[in-house]
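> What follows is each chain in one-letter form.
2 protein chains.
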Amino acid sequence: MAKLTSRATDYSQWYNEIVQEAGLAESSVVRWCMVIKPYGFALRENIRDILDKMFKNTGHVNAYFPILIPKSFFSKEASHVEWFAKECAIVTHYRLKNDPNGKWVIVDPEAKLEEELIIRPTSETIIWNSYKWWIHSYRDLPLLINQRANVMRWEMRTRMFLRTSEFLRQEGHTAHASEEEADAEARKMLDVYNDFATNFMAINPVLWVKPAHERFAGAVETYTFEPIMQDGKALQAGTSHYLGQNFAKAFDVKFTNKNNELEFVYATSRGVSTRLIWGLIMAHSDDAGLVVPPALAPLHVVVVPIFKTPEEYQLIKDYIQPLIERFETTRLEFPSKYFHDTIPLRRKIDEDMNKSPGWKFNEYELKGVPVRITVGARDIASGMVEVFKRESGEKALIKLEEVDLHIDQYLYKAQNNLLRKNKEFRETHTFTVNSYNEFKEKIEQGFVMAHRDGTTETAEQIKAETAGIIRCIPFDSVEEKGVCVFSGKPSTKRVLFARSY
Amino acid sequence: MAKLTSRATDYSQWYNEIVQEAGLAESSVVRWCMVIKPYGFALRENIRDILDKMFKNTGHVNAYFPILIPKSFFSKEASHVEWFAKECAIVTHYRLKNDPNGKWVIVDPEAKLEEELIIRPTSETIIWNSYKWWIHSYRDLPLLINQRANVMRWEMRTRMFLRTSEFLRQEGHTAHASEEEADAEARKMLDVYNDFATNFMAINPVLWVKPAHERFAGAVETYTFEPIMQDGKALQAGTSHYLGQNFAKAFDVKFTNKNNELEFVYATSRGVSTRLIWGLIMAHSDDAGLVVPPALAPLHVVVVPIFKTPEEYQLIKDYIQPLIERFETTRLEFPSKYFHDTIPLRRKIDEDMNKSPGWKFNEYELKGVPVRITVGARDIASGMVEVFKRESGEKALIKLEEVDLHIDQYLYKAQNNLLRKNKEFRETHTFTVNSYNEFKEKIEQGFVMAHRDGTTETAEQIKAETAGIIRCIPFDSVEEKGVCVFSGKPSTKRVLFARSY
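As you go down the protein sequences, you meet chains A and B in turn.
Position one of the first sequence corresponds to residue 2 (our numbering), numbered consecutively onward.
Position one of the second sequence corresponds to residue 2 (our numbering), numbered consecutively onward.
Each hint should be verified, as a subset may be incorrect.
Unchecked claim - With a straight-line cut-off of 27 Å between C-alpha atoms, the simulated DSS-like cross-links for lysine-lysine are:
| no. | chain 1 | residue 1 | chain 2 | residue 2 |
| --- | --- | --- | --- | --- |
| 1 | A | 349 | A | 211 |
| 2 | A | 349 | B | 113 |
| 3 | A | 349 | A | 54 |
| 4 | A | 57 | B | 133 |
| 5 | A | 54 | B | 54 |
To be verified - Quick list of simulated restraints, FRET-style, between CB atoms:
| no. | chain 1 | residue 1 | chain 2 | residue 2 | range |
| --- | --- | --- | --- | --- | --- |
| 6 | A | 474 | B | 289 | 48 to 58 Å |
| 7 | A | 464 | B | 355 | 49 to 59 Å |
| 8 | B | 454 | A | 101 | 18 to 28 Å |
| 9 | B | 407 | A | 57 | 21 to 31 Å |
| 10 | B | 456 | A | 102 | 29 to 39 Å |
| 11 | A | 402 | B | 312 | 18 to 28 Å |
Note that these hints are calculated values from the structure, not bench results.
Keep in mind it's a predicted model, so treat the numbers as computed, not measured.
All C-beta atoms in this analysis are idealised placements derived from N, C-alpha and C, irrespective of residue type, glycine included.
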């Protein structure tokens with residue numbers, strides 16, 4: 002078992018090795034797409050299930066729209082086509098036939114579609130085309146719909162979970178009777194994302210409004226949450242858009258308002274994807290492998306019994322039986338504004354005789370299982386078991402009857418520690434600078450708060466020279482007079498710059 | 002509110018109207034695909050969540066494989082291509098560009114894929130291509146993986162939930178070290194499906210082994226469960242296949258067995274899809290709309306308060322408050338071999354002042370909500386509420402403090418009634434016949450048990466003349482000598498014939 006490359010040596014290589022060694026994902030024969038392996042998918046299921054409940058608790062319902070979108074739809078919303086039309090998967094035919102000259106199959110040239118179909122890069126257009134028939138009056142509003150779906154944006158340079166052509170996501174698409182209500186929805190759903198990020202992912206993102214040139218295609222305002230990664234870069238983890246009436250106009254969706262006037266509908270959309278798994282790994286994991294926040298862990302506790310014979314194993318099983326029974330009824334509760342359920346303690350006894358304890362220790366450390374309990378024959382005599390805690394790296398002998406309570410407390414502590422560390426890292430890696438030299442130095446290390454003159458040219462120049470992108474105005478930024486670090490022109494607010502993925 | 006066409010008048014039209022009026026699904030602008038609307042999707046989520054837990058309780062884990070499959074993979078497993086290659090969605094290009102002559106976008110001819118990619122009609126090939134790298138030794142087996150995915154098989158004549166180009170399904174793909182273990186897995190998962198059908202869908206399917214000419218492409222044995230619909234036809238609700246070593250050979254997946262010999266891996270696959278919703282509707286619903294088994298109902302109880310002013314509504318709210326609180330902690334438990342959780346009582350108070358009570362009554366009857374409670378000002382004085390039961394059509398005044406217990410019991414009773422009715426319908430519509438004339442008469446009414454000579458010619462002739470297809474040998478059929486109803490040749494077993502969808 003080779004050790005992982007350390008983060009200090011090569012952060013990017015370390016990431017690739019974790020994804021592979023922990024069994025999260027791998028590239029596929031269709032090289033732009035990934036295979037999400039069972040352990041990676043279990044992480045994704047936990048993320049999805051919690052978010053899904055949060056959406057339902059805020060009044061949203063799920064639905065499903067077709068994966069294929071007519072090509073002409075991409076010309077309807079003017080800015081939309083620029084963003085998405087460029088790289089996508091295009092279906093042109095609907096039949097294969099046997100090659101008359103060989104054993105292979107070929108595309109049947111006679112089965113050509115009249116209009117090409119695009120695998121959805123996002124679903125605004127096809128959904129708003131349905132909303133046209135669903136919305137007639139203010140009585141039909143708001144319409145709060147969520148969809149979980151695979152989408153595709155052609156990517157030549159793939160990176161597991163961060164950037165692959167096909168990826169899994171949820172996309173919310175809502176329709177409202179007023180601008181105020183729609184904008185409030187977009188902000189509220191950002192708050193839902195932030196609640197999820199903070200209390201489940203144990204990350205402490207900055208919330209921002211995106212500058213105009215970085216807005217989503219067709220959006221009036223784009224709200225985003227971006228946590229810091231261990232290399233000081235920002236991750237755009239998810240976005241929530243207030244879309245104004247742009248899509249309603251493109252698809253002619255009007256409603257009769259309370260004054261009996263016809264008006265275009267106001268819209269929002271939002272989404273997070275399997276990219277969150279990328280953020281989870283990059284934010285918390287260490288040189289020994291994955292570190293998973295207990296609120297999202299596919300497995301909380303693994304018991305590794307040390308035995309040579311079935312008789313020995315039986316003794317150990319009898320010994321830990323009361324503990325296992327207590328585990329069965331243990332449920333964890335994480336504080337949250339939008340998720341009110343408890344989570345079962347997920348546990349496993351690894352009794353596989355084909356693998357050595359050493360192999361197992363390494364495996365569960367790599368997979369970031371928060372607690373490992375080791376128990377052998379000598380522990381029975383002493384009434385103890387050995388508990389290894391992944392986040393803190395501590396190892397201790399604990400009395401059997403105290404283990405469950407101890408683990409409970411440790412899981413909450415580990416969750417809090419991860420959040421605290423991410424928050425502290427962001428704070429110690431956010432720099433307030435007043436000169437361009439300082440800017441260039443600090444942007445290599447983390448987030449930078451600096452004055453800028455607000456022109457696109459300055460933003461472009463800074464980006465070209467330093468890779469620092471304006472992540473823009475954090476929700477909590479205050480008025481302050483100053484001069485642009487680049488041009489020296491006046492400015493009224495500091496803006497947050499960061500490199501990003 | 003127009004009434005639905007009755008089943009007796011036009012069963013097919015009745016179905017279309019239910020799907021539309023109950024808000025389950027609709028056809029989309031991409032006419033081969035459907036939009037699953039929120040209420041239809043809620044049904045689908047309940048089906049999926051229960052099945053998913055059943056799979057996990059039998060040791061399966063979820064994973065996700067790419068939606069796109071290289072065209073060449075369809076030539077690898079010889080019989081596979083014949084089944085699936087004919088009608089599928091083919092991706093040939095990966096970029097659009099602005100039309101230099103107009104405002105539309107066109108396919109960029111320079112962005113042509115070297116090898117075309119097919120949207121998965123099923124995933125055996127792409128999954129076995131991964132298994133090749135995952136399986137080396139008997140220690141890696143069994144591999145029990147499930148995937149939930151959208152798949153696509155080009156269909157020109159669509160029917161909501163029964164047959165659309167894109168549909169949602171789960172597909173299980175397992176790998177084993179022996180024929181016995183793999184075949185046992187295929188049979189066990191049929192038992193899981195049967196448990197789900199019986200205890201949740203409230204249908205009583207026949208379990209069969211498919212005849213050779215109806216087997217899935219590449220299968221050695223195909224097991225299937227088929228319930229009877231109200232018109233006497235059979236629905237192929239789902240299949241579980243023992244695949245032998247066919248896919249392992251096609252993708253060269255070998256393992257070192259315990260005797261240290263290299264051997265091809267044994268496989269199974271299986272799946273059910275949104276088609277189950279079709280079966281659910283066709284089996285139970287009536288001329289007034291949907292009838293949903295309580296075990297799968299998106300909503301169990303709806304309360305319709307009758308009020309004119311906010312003050313009146315407040316009085317009603319206070320009155321029913323204790324009942325609502327009891328509902329909040331009510332959980333339902335349905336007997337099952339593979340699902341051991343409870344289900345929360347799903348309830349809603351419909352306080353929408355924009356809709357009349359009459360409109361709401363009709364709406365919830367159409368949607369098949371098992372229990373409707375109506376409560377007005379005069380009920381407060383009497384201490385009663387009115388309870389309407391969808392399955393039995395009964396309406397009764399019940400004491401407020403007894404309502405929750407009453408509803409609990411009724412939900413179990415309704416679930417049992419639906420199952421009993423479906424079982425009785427199958428029994429009274431399964432005919433044992435001994436002549437071809439009798440066969441032709443009875444096949445119009447339901448299932449027919451008849452002797453046949455076992456030749457493909459006879460099967461084809463009977464099918465051509467009567468639309469009766471051999472659904473084949475039910476698991477519980479017994480040896481019995483006789484003569485083929487068609488050819489008069491000898492036979493040792495009766496076989497089940499039915500028309501099907």
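> Just to be careful, I want the Cα atoms of residue 349 of chain A and residue 113 of chain B compared with a cutoff of 27 Å; is the pair within it?
48 Å, violated
> Can you tell me whether the CB distance of residue 474 of chain A to residue 289 of chain B sits inside 48 to 58 Å?
The hint (48 to 58 Å, Cβ to Cβ) holds, given that residue 474 of chain A and residue 289 of chain B are roughly 57 Å apart.
> Could you say whether the range 18 to 28 Å given as a hint is met by the Cβ separation of residue 402 of chain A and residue 312 of chain B?
58 Å, violated
> For residue 464 of chain A and residue 355 of chain B, compare the CB-CB distance with the range 49 to 59 Å and indicate the outcome.
51 Å, holds
> Decide if the proposed pair is consistent with the structure: residue 57 of chain A and residue 133 of chain B, CA atoms, cutoff 27 Å inclusive.
40 Å, violated
> Taking only the CA atoms, is the gap from residue 54 of chain A to residue 54 of chain B under or equal to 27 Å?
Measuring from Cα to Cα gives roughly 17 Å; hence the hint holds.
> Using the beta carbons of residue 454 of chain B and residue 101 of chain A, state whether their distance is inside 18 to 28 Å or not.
38 Å, violated
> Holds or violated: the 21 to 31 Å window for the beta-carbon distance between residue 407 of chain B and residue 57 of chain A?
With a Cβ separation near 28 Å, residue 407 of chain B and residue 57 of chain A satisfy 21 to 31 Å, so the hint holds.
> With respect to the beta-carbon atoms only, verify the hint that residue 456 of chain B and residue 102 of chain A lie 29 to 39 Å apart.
The hinted range 29 to 39 Å holds for residue 456 of chain B and residue 102 of chain A, with Cβ atoms some 36 Å apart.
> Taken at face value, is the distance from the CA of residue 211 of chain A to the CA of residue 349 of chain A at most 27 Å?
44 Å, violated
> Check the hint pairing residue 349 of chain A with residue 54 of chain A against an upper bound of 27 Å on the C-alpha distance.
26 Å, holds
Of the hints listed earlier, those the structure fails to meet are numbers 1, 2, 4, 8, 11, in rising order.
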